[in-house]
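Novice: So the sequence lines, in the order shown, correspond to chains Y and W.
The first sequence lines up with residues 37 to 375 when you count with this note's numbering.
The second sequence lines up with residues 55 to 383 when you count with this note's numbering.
Possibly wrong hints are sitting among the right ones.
Away from chain W, derived, C-beta distances all over 12 Å, residues of chain Y [said to hold, decoys possible]: (1) Asn-54; (2) Gly-65; (3) Asp-72; (4) Arg-110; (5) Gln-118; (6) Gly-135; (7) Ser-147; (8) Tyr-296; (9) Arg-302; (10) Ile-317; (11) Pro-318.
Selected chain Y positions facing chain W (in silico; Cβ < 7 Å) [stated by the list, open to error]: (12) Glu-88; (13) Arg-128; (14) Ser-202; (15) Gly-204; (16) Ala-230; (17) Val-233; (18) Ala-237; (19) Leu-261; (20) Glu-266; (21) Pro-305; (22) Ser-316.
Just the calculated beta-carbon pair ranges, DEER-fashion [said to hold, decoys possible]: (23) W:Asp-157 / Y:Ala-165: 34 to 40 Å; (24) Y:Tyr-197 / W:Ser-92: 37 to 43 Å; (25) Y:Arg-132 / W:Asn-341: 41 to 47 Å; (26) Y:Leu-367 / W:Gly-199: 23 to 29 Å.
Since the hints were made in silico from the structure, they are not lab data.
Ideal Cβ placement from N, Cα and C applies to all residues, glycine included.
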Amino acid sequence: MAHEQQESTAGQPLLAVNNLKIAFAHDAGETAITRDVSFTVGHGERVGVVGESGCGKTVTGLALLGLLPERTARVRGEILFQGRDLLKMPARELRRRRGRDISMIFQEPMSALDPVFTVGEQLIETLRAHERVSRKEARERAITALEDVGIPSPRQRLDDYPYQFSGGMRQRVMIAMALICRPRLVIADEPTTALDVTVQAQIIDLLRELSDTTGTALLFITHDLGVVAETCSRLLTMYAGEVVESAPVDSVLRRPGHPYSSGLLRSLPGLSERGGRLPSIPGRVPAPAEMPSGCRFQARCPHAADGCEQSQPLRELDGGRLARCWRGAELTLPGAVTP
Amino acid sequence: MNAPLTPRTATGAGVRADRVRVHFPTRAGTVKAVEDVSFDIHPGETFGLIGESGSGKTTLGRALAGLQPLTDGHLFYDGQAPSSLNRAQRRRQRRDHQIIFQDPHAALNPRMSIARSVMEPLDILGDGDRRQRRRVVDEALERVGLPAGIGRRYPHELSGGQKQRVNIARTLTLRPRFIVCDEVVAALDVSIRGAILNLFADLQDEFGITYAFITHDISVVSHVSDRVGVLYLGRLMEQGPAGTVCEQPLHPYTQALLSAEPLPLPSDQRDHRRRIRLQGEIPSPLNPPSGCPFRTRCPRAETRCAEQAPEWREVAPDHRVACHFAGPA
């Protein structure tokens, strides 16, 4: 049946986000950043999240870890991780889980690592914050962790400072740190964007391999559809603070269910004839204060029609695809390849 | 003064780089950012320069735009070296050569209105009177597809794509014959890159501008370029027609670079066996490898590569490569 997109392991998914609404409070009230973000991540599943800048990808990722500023962020809805709501969890317990059960890899490894501590000290600190292990044992685990992410002579490099590593090696250190407690879920926010393409290819391979061998699920936030195609099995497309499509990667590439996903794919220059006209999506994402009722993409959509001003729930199409478009089933939208 | 935005019948500038070197002395030693690079850019074409970080592509772009003195070698524009020109001629030539940068926001003064920013070069050059200048600015803003009235707004009110259009408009007011485009779409969302790249193509058709298009993005460079050069650690590895270099590359670095690009293809259409995975990262330009700079990561490297720098040789008409073992993947 169509709705089995969570697949695999008995019953509940690893992560279920329901109606997540994130707003920021300020003097003049609240500005809503996301509205009705709902999705699931299965055990060991790799899910890509794409969308233009400002669509709410990063904020959603930070909310999952409880890393938004407490004083201004208003987070509503449910974030069920292994069946328990992280939003209702006491701060102490959340802190215990963060880094152990869920961890994060950031875009800029240099700003995510502390420059005044050695890589080893940072790895050991992370491990000992969550597990009762001796310093000696922790050191061995840290060496293994560096070895697992392909850092040459890990025993020596353990005592080096972050600045002594190259960009790609630093990102490997970040991955080692994210994985040292063997989390069930890793949120990776643009982990390869700051890297060169030949190094990016190495890091993508590494993430895929590690996820395969450890069974760790991956929520891969990126703007690059090629990276998603190489890493993930399912794709979430976000637009203006909403998930507008959720579908298996291969099916989106062949036949997207939402005009926005189709527009993103068709914008890739590699898919057009050399020197020919390149498609693009006209206009820009509406500002939070100017969000239209109904479909948020309608002003930029080549398929807008009467009916798009109605509010748009995520609808089920065939083959485990969900799209926030009432015309999704009727339209034949071009993807990256002919079906 | 002529109406500056009328299409010109003359073509863009031809550019020749002849054994260009740019070195930067540092306390730790000399960084050879650009080392012995030679190529021709034909009038009115787009020449793509592709490279990863540390390849010297930005330094080379700044040199082409006249912003970076050469340590050695020569640049010729329409056959003339800037050094052979007198002051007035050189000033005229400078105006012909412009550069557009990666970060559209950083390139605009946040405290200046859009119209003032776009007019500033004309003010400096003292073109026409104020009313004429204003007309030129309005025409340029309209030509790049910005709505009327945008001149009164400020950079923070514009999207990234709009800001990059403003930067293009500012350049256009000078009627340049050669523009260095340094990662001009890298900071923009995928959804609007196409529109900006189309605009560059339209302006080239209309005004006959020559472009040097610098980017790390293979899909962009292969789409927009007529001819491309591949840089690694300050040296050209391969150069030729875009279709040839991107589809039948002969240098192992070009081959690896192309195969590393993540493709948005379904799993059954991706051929994993053809992927060449490079080990390690680009070495420090402070201490480049002997012989061929790519040999430390090259799957074809042999002892000869460390001892002898490969010759820059022409293997087919207009297809050059620097590799002892150049050949199909």
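Novice: Is the Cβ of Gly-135 (chain Y) farther than 12 Å from every Cβ of chain W?
Specialist: holds (28 Å)
Novice: Interface hint check: Val-233 (chain Y), Cβ to nearest Cβ on chain W, cutoff 7 Å. Holds or violated?
Specialist: It holds, given that the least Cβ distance between Val-233 (chain Y) and chain W is near 5 Å, below 7 Å.
Novice: Per the stated criterion, does the least C-beta distance between Asn-54 (chain Y) and chain W lie above 12 Å, as a non-interface residue requires?
Specialist: For Asn-54 (chain Y), whose nearest Cβ neighbour in chain W is about 28 Å away, the distance exceeds 12 Å, so it holds.
Novice: Look at the Cβ atoms of Tyr-197 (chain Y) and Ser-92 (chain W) and judge whether their distance stays inside 37 to 43 Å.
Specialist: holds (41 Å)
Novice: Identify whether the interface hint at Glu-88 (chain Y) stands, where standing means a beta carbon of chain W within less than 7 Å of its own.
Specialist: holds (4 Å)
Novice: Is it true that Leu-367 (chain Y) and Gly-199 (chain W) lie within 23 to 29 Å of each other by Cβ?
Specialist: Cβ of Leu-367 (chain Y) to Cβ of Gly-199 (chain W): about 28 Å, so the range 23 to 29 Å holds.
Novice: Between the beta carbons of Arg-132 (chain Y) and Asn-341 (chain W), is the distance compatible with 41 to 47 Å?
Specialist: holds (46 Å)
Novice: Against chain W, run the beta carbon of Pro-305 (chain Y) and see if the smallest gap drops under 7 Å.
Specialist: Since the shortest Cβ distance to chain W is 4 Å, the answer is holds.
Novice: Checking hints one by one. Is Ala-230 (chain Y) an interface residue toward chain W, by the C-beta closer than 7 Å rule?
Specialist: Check failed: Cβ of Ala-230 (chain Y) comes no nearer than 9 Å to chain W, outside 7 Å.
Novice: When the nearest CB of chain W is found for Ala-237 (chain Y), is that gap smaller than 7 Å?
Specialist: holds (4 Å)
Novice: If we take the beta carbon of Gly-65 (chain Y), is the closest beta carbon in chain W still more than 12 Å away?
Specialist: holds (21 Å)
Novice: Verify the interface restraint on Ser-316 (chain Y): the C-beta must sit less than 7 Å from at least one C-beta of chain W.
Specialist: holds (3 Å)
Checked against the numbered hints given earlier, the structure breaks hints 8, 9, 10, 11, 13 and 16 and satisfies all the rest.
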